[in-house]
Amino acid sequence: MNLFGPLWLSAQLALVTTIILVIIGAPLAWWLARTSSRVKPAIQAVVAMPIVLPPTVLGFYLLILLGPNGAVGSWWVQLTGSALTFSFTGLVIASCIYSLPFAVQPMQNAFESLPKKYLERAWTLGASRLDAFFSIAVPLSVRGFVSAIVLSFAHTLGEFGVVLMVGGNIPGETRVVSIAIYDHVETLNYAAAHRMSLVLVAFAFVVLATMFVINRRWSER
Amino acid sequence: MIHLRHRLPKGNFVLDVNVEVPDTGITGVFGESGSGKTTLLRCIAGLEGGDGLPVHRRNVGYVFQDPCLFPHLTVRGNIEFGARRATTRRVESTSVVDMLGLGNLLDRRPDTLSGGEAQRVAIAAALMRSPDLVLMDEPLASLDRRRKDELLPYFDRLHDELSVPVIYVSHDIEEVSRLCDHLVLLEGGKVAASGDLVEVLSRVDVPVLSGRNAGVVLWANPVDHEDGLTRFDFGEGDIWAPGEFETGTNPLRLRIAASDVSIARERPAATTILNILHATIEEVHPVDAATALVRLGVGNQSLLARVTNRSVQRLELRPGERVFAQVKSVTVRH
Numbered sequence: 000m001n002l003f004g005p006l007w008l009s010a011q012l013a014l015v016t017t018i019i020l021v022i023i024g025a026p027l028a029w030w031l032a033r034t035s036s037r038v039k040p041a042i043q044a045v046v047a048m049p050i051v052l053p054p055t056v057l058g059f060y061l062l063i064l065l066g067p068n069g070a071v072g073s074w075w076v077q078l079t080g081s082a083l084t085f086s087f088t089g090l091v092i093a094s095c096i097y098s099l100p101f102a103v104q105p106m107q108n109a110f111e112s113l114p115k116k117y118l119e120r121a122w123t124l125g126a127s128r129l130d131a132f133f134s135i136a137v138p139l140s141v142r143g144f145v146s147a148i149v150l151s152f153a154h155t156l157g158e159f160g161v162v163l164m165v166g167g168n169i170p171g172e173t174r175v176v177s178i179a180i181y182d183h184v185e186t187l188n189y190a191a192a193h194r195m196s197l198v199l200v201a202f203a204f205v206v207l208a209t210m211f212v213i214n215r216r217w218s219e220r
Numbered sequence: 000m001i002h003l004r005h006r007l008p009k010g011n012f013v014l015d016v017n018v019e020v021p022d023t024g025i026t027g028v029f030g031e032s033g034s035g036k037t038t039l040l041r042c043i044a045g046l047e048g049g050d051g052l053p054v055h056r057r058n059v060g061y062v063f064q065d066p067c068l069f070p071h072l073t074v075r076g077n078i079e080f081g082a083r084r085a086t087t088r089r090v091e092s093t094s095v096v097d098m099l100g101l102g103n104l105l106d107r108r109p110d111t112l113s114g115g116e117a118q119r120v121a122i123a124a125a126l127m128r129s130p131d132l133v134l135m136d137e138p139l140a141s142l143d144r145r146r147k148d149e150l151l152p153y154f155d156r157l158h159d160e161l162s163v164p165v166i167y168v169s170h171d172i173e174e175v176s177r178l179c180d181h182l183v184l185l186e187g188g189k190v191a192a193s194g195d196l197v198e199v200l201s202r203v204d205v206p207v208l209s210g211r212n213a214g215v216v217l218w219a220n221p222v223d224h225e226d227g228l229t230r231f232d233f234g235e236g237d238i239w240a241p242g243e244f245e246t247g248t249n250p251l252r253l254r255i256a257a258s259d260v261s262i263a264r265e266r267p268a269a270t271t272i273l274n275i276l277h278a279t280i281e282e283v284h285p286v287d288a289a290t291a292l293v294r295l296g297v298g299n300q301s302l303l304a305r306v307t308n309r310s311v312q313r314l315e316l317r318p319g320e321r322v323f324a325q326v327k328s329v330t331v332r333h
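Those sequence lines, one after another, are chains G and Z. Just so it is clear: in the first sequence, position 46 is 45 by numbering that gives the first Met the number 0, and no numbers are missing. Just so it is clear: in the second sequence, position 70 is 69 by numbering that gives the first Met the number 0, and no numbers are missing.
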């Protein structure tokens, strides 16, 4: 439990975050890839900001926003009776914002490299815009989707600063693996820190290596 | 009739077309590059301009210059893409597959096909949509000569067997002469001439048809063979063309370029040219400082001859005069 609790919680958080990010990130990436709107650079900057900002800055503002007195947090309290901060749901929201660029950018790149001719041909063959998106754009952008999934999952798994600010350290609720490792190191329990860290190192290596192998197979085809 | 009415300004260029074309057969849209041919097709399909009706509701098949088959689907998947989304079902998949000779390609992936094969698949896909109108944007232009010759017979079959009207954009007058029944000439985004193919091609006053594109199409019956040649009868006189074409069938198309026709006052006696026809000058139209186009009436059909202005003066060629037309070369559509 000591080892697997935080790992399992991190995996759950990463999984839920990834699913949400693909669902909301794909339409956003599609819009960004195809729009010539003047607000596009501003939206792109907002999406990319978590890459540049220190997680503590992001976490600080999210703590205020999601807190019981914040704009979102107070509304949530009215709705459900419980606070968003220091809860799993709050962590999911924070992670979605924190990992958004890692989901949006690979999908946007894939959509941008999709020749417009394919879509035009699909439309003339009777496919609506939505139909052409699912039957042509998505299957031809599989690589972008795989990258988005892997990066969002891995990035959420490794987050620390934002979780610490928004989630704290509640076992089973917000005590994810990066917090647990930090805790173990603080209390000089190096053996436990080692066990968890090694699992993460192995995981990161396996996932990235698999992705590069798949990429190579695809580019050879 | 199909009424095509499209206006679209694009920077300095304005497409402004208002023309009626037949709702049967193949209508060629011919013009130099930049004359707005592709823009016109894109407007008809709703890919540009547009009155708000989405592309997928227009029931128009579009064959692009580059086949751009969907790489993640097999040939079968590509062909069925349109069929699954068709609102009406007028064509049978098997007949389209047969007509375009795709039977043994169905399980192949697009990246294993030759350019000509890919274009046949793209045509099949467009037809399987059961469109009311098929638009073809230079479907042969991206192919080399050999692939083109491979593909042309399939277009002949489409022409003979298909009941859907086709609008066929091309900048190759030979292709247009071979495949089309009706012709729209575009110049600078506007219609310079339109009408029956034979009629439009015999005009001398349309700039786009006055250069190396000048030439006519004649209809003639193959009658018999001699010395590896076929004799074609077209009312007033015979035309010999190399090759043995089946006789007793429908009239065939003969394409005669204006640069292959010369004019003589008297019947030339000793000449290698086989085809010498008695003709009446109908119109003489100067093209530039040096040359002129002459329309000659032969029976109830027309020939065009490109001659120099100097010869026009020397031989005193005027409308109404009887002359001899010497035809050096004839292309037969078989």
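Take these hints with a grain of salt, some might be off.
Stated by the list, open to error - A few chain G residues facing chain Z, derived, Cβ under 10 Å:
1) S112
2) Y117
3) R120
4) V141
5) N168
6) E172
7) R174
8) S177
9) V212
10) R215
Stated by the list, open to error - Computed footprint of chain G on chain Z, listed as stretches where at least three residues anywhere in the stretch have a Cβ under 8 Å from a Cβ of chain G:
11) 240–252
12) 293–304
Hints are computed from structural coordinates only; laboratory data are not their basis. Note that beta-carbon positions come from the ideal geometry of N, C-alpha and C, so glycine has one too.
Hints, one by one, checked against the model:
1. S112: violated, 13 Å
2. Y117: holds, 6 Å
3. R120: Holds: closest Cβ of chain Z sits about 6 Å from G:R120, inside 10 Å.
4. V141: G:V141 check passes; min Cβ-Cβ to chain Z is 8 Å, inside 10 Å.
5. N168: violated, 46 Å
6. E172: violated, 43 Å
7. R174: violated, 43 Å
8. S177: Constraint on G:S177 not satisfied, violated at 38 Å.
9. V212: For G:V212, the interface hint is violated, since the closest Cβ of chain Z sits about 21 Å away, which is over 10 Å.
10. R215: G:R215 check fails; min Cβ-Cβ to chain Z is 18 Å, beyond 10 Å.
11. 240–252: violated (count 0)
12. 293–304: violated (count 0)
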